[in-house]
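Chemist: What follows is the residue order along each chain.
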Amino acid sequence: MADQFKQLGIDLWSIVLYMANTGVVLVILFYFLYKPILKTLDQRRKNIADSIEEANLLRNEFEKKLKKTEQEKEKTEQELRQEMVKMKKMIEEKRTELIEEMEIVRTDMLHKSQEEIDKRKKSLIKEVEQEITQTMTRIILDIVQNKVPETVVKESITDSWKEYKIKN
Amino acid sequence: MIFKNLIAAVLYEMINFILKHQDFFEKPTNSRKQIIDQTELPHPFKVYLEQVEGAQFILDLKLILSFLKNPPKTKIQNHPFFNALCELFAHSFSIRLDLMSDYATAKENERRAVVKKLIAVENSVGKALKKLLLNNSYQELSNAIQALCQKTWGNTYTLLQFPCSINPELKKEIRGELRQTDSTLFPIFQVNRQLIGGFRIFKGGKTTDYSWIRKVLKLKNYASKGI
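If you read the protein sequences in the order shown, they are chains V and A.
Position in the first sequence (first residue = 1) + 1 = the numbering used here.
Position in the second sequence (first residue = 1) + 320 = the numbering used here.
There's no promise every hint is true.
What the hints assert, rightly or not - Calculated lysine-lysine pairs in the BS3-like style (CA-CA distance at most 25 angstroms, straight line):
| no. | chain 1 | residue 1 | chain 2 | residue 2 |
| --- | --- | --- | --- | --- |
| 1 | V | Lys148 | A | Lys523 |
| 2 | A | Lys523 | V | Lys168 |
| 3 | V | Lys166 | A | Lys492 |
| 4 | A | Lys353 | V | Lys155 |
| 5 | V | Lys163 | A | Lys471 |
Said to hold, decoys possible - Here are the computed distance ranges between Cβ atoms for each label pair:
| no. | chain 1 | residue 1 | chain 2 | residue 2 | range |
| --- | --- | --- | --- | --- | --- |
| 6 | V | Met137 | A | Arg513 | 52 to 60 angstroms |
| 7 | A | Lys447 | V | Ile144 | 45 to 53 angstroms |
| 8 | V | Lys127 | A | Val511 | 35 to 43 angstroms |
| 9 | V | Ile144 | A | Lys427 | 31 to 39 angstroms |
| 10 | V | Lys163 | A | Arg513 | 39 to 47 angstroms |
| 11 | A | Asn455 | V | Lys163 | 33 to 41 angstroms |
| 12 | A | Arg513 | V | Lys127 | 30 to 38 angstroms |
| 13 | A | Glu497 | V | Lys120 | 54 to 62 angstroms |
| 14 | V | Ile144 | A | Val441 | 43 to 51 angstroms |
| 15 | V | Lys120 | A | Cys484 | 46 to 54 angstroms |
| 16 | A | Ser485 | V | Glu117 | 54 to 62 angstroms |
As the list claims (entries may be wrong) - Covered stretches of chain V, going by a simulated chain A footprint (3 or more residues, C-beta under 8 angstroms):
| no. | stretch |
| --- | --- |
| 17 | 67 to 77 |
| 18 | 136 to 148 |
Because the hints were derived from the structure by calculation, they are not lab data.
Here the structure is a predicted model, which is why all the values come from computation and not from measurement.
Just so you know, even glycine gets a beta-carbon here, dropped at the ideal spot from N, CA and C.
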């Protein structure tokens, strides 16, 4: 058999050497390549799994938080809606109050304006009366100072003197 | 003092008379009157001479000279001589003064002629009186006479205002009427055109207003009150 293999060119010791070599290579590869790589791969798998788990945890937490936030948001919205209702009610009340106050002020202002108008009217009438009186006086003075004859003036002196004698 | 010349003239005439009748003060009052009537002194001074005694006359002369020197500081209240002087001014002279007021703006010749007619006496007293009328305005003389009467009689200041000049007869009547109530009064007449008509009298701080301006203002007052 050995010679057959030799005729074929197959050396048993070469085969054994090749096989031992291969085995050494395999062992070397196993210990220096496959194991670290497998270790690395495991580590990576583990890391990935951890990351996935962490991500899941985060996702769960986020979902919880989101839910919580949504609940809070809803709560806040409800509170806001209630506040809005309250505000609207208050505004309405204030509006009514303001309208009433304005009405009072308007009435008061109208009343005061009317008083002011009456006062001004009286003052104008008085001014006009004074002006008329002054004009009348000027006209009378002009007439008696410039238009009355001297004889009439002298007669007035005599009459006044007679009046004085009677009274004194 | 615008009356110095007149007082000096009166003294001159009196002294001349006394010198001519040296026993004058020894005579009784009745006889004195007959002698004095022969002089041309104004009547009030004749009355003074009738009543004054010799010694008193000398004292009076002293006082009169003191007055001529320093009028403001000499007291002449109710002195017989100055009573006579004021009586002359308040009575007969005032009539002539009122007559002259109509000739205030006349020419010099005309004024002299009027004064000559008003004062016929030609002695020094007459000349002094004529000078007074010619050289002083109506207002100046009136104020000076009033001041003298105030000093002598302590009389009441009396001012009458008229809207125009009034005739001397009316002035004489007014003077006479006012002096009936108080013989020491010397009314001063003034023109105030603002009175328009009637007259106004200021007497002893009291005003009596019969003027037309007062009536117009009263009417204006009633009109402004709406009465």
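Chemist: Does each hint fit the structure? Answer for all of them.
Modeler: Now the hints, each set against the structure:
1. Lys148/V with Lys523/A: The given pair, whose Cα atoms are some 31 angstroms apart, is violated under the 25 angstroms limit.
2. Lys523/A with Lys168/V: holds (15 angstroms)
3. Lys166/V with Lys492/A: holds (14 angstroms)
4. Lys353/A with Lys155/V: The hint is violated at about 44 angstroms.
5. Lys163/V with Lys471/A: Roughly 31 angstroms separates the two Cα atoms, so the pair is violated.
6. Met137/V with Arg513/A: 52 to 60 angstroms: Violated: the Cβ-Cβ distance is about 21 angstroms, outside 52 to 60 angstroms.
7. Lys447/A with Ile144/V: 45 to 53 angstroms: holds (50 angstroms)
8. Lys127/V with Val511/A: 35 to 43 angstroms: The hinted range 35 to 43 angstroms holds for Lys127/V and Val511/A, with Cβ atoms some 38 angstroms apart.
9. Ile144/V with Lys427/A: 31 to 39 angstroms: holds (36 angstroms)
10. Lys163/V with Arg513/A: 39 to 47 angstroms: Because 22 angstroms falls outside the window, the suggested range is violated.
11. Asn455/A with Lys163/V: 33 to 41 angstroms: holds (37 angstroms)
12. Arg513/A with Lys127/V: 30 to 38 angstroms: Because 32 angstroms falls inside the window, the suggested range holds.
13. Glu497/A with Lys120/V: 54 to 62 angstroms: holds (55 angstroms)
14. Ile144/V with Val441/A: 43 to 51 angstroms: holds (49 angstroms)
15. Lys120/V with Cys484/A: 46 to 54 angstroms: holds (48 angstroms)
16. Ser485/A with Glu117/V: 54 to 62 angstroms: At roughly 57 angstroms between Cβ atoms, Glu117/V and Ser485/A fall inside 54 to 62 angstroms, so the hint holds.
17. 67 to 77: It is violated, with 0 qualifying residues against the three required.
18. 136 to 148: It holds: at least three residues are needed, and the stretch 136 to 148 of chain V offers 6 whose Cβ sits within less than 8 angstroms of chain A.
Figure legend: structure checked against the earlier numbered hints; hints not met, in rising order: 1, 4, 5, 6, 10, 17.
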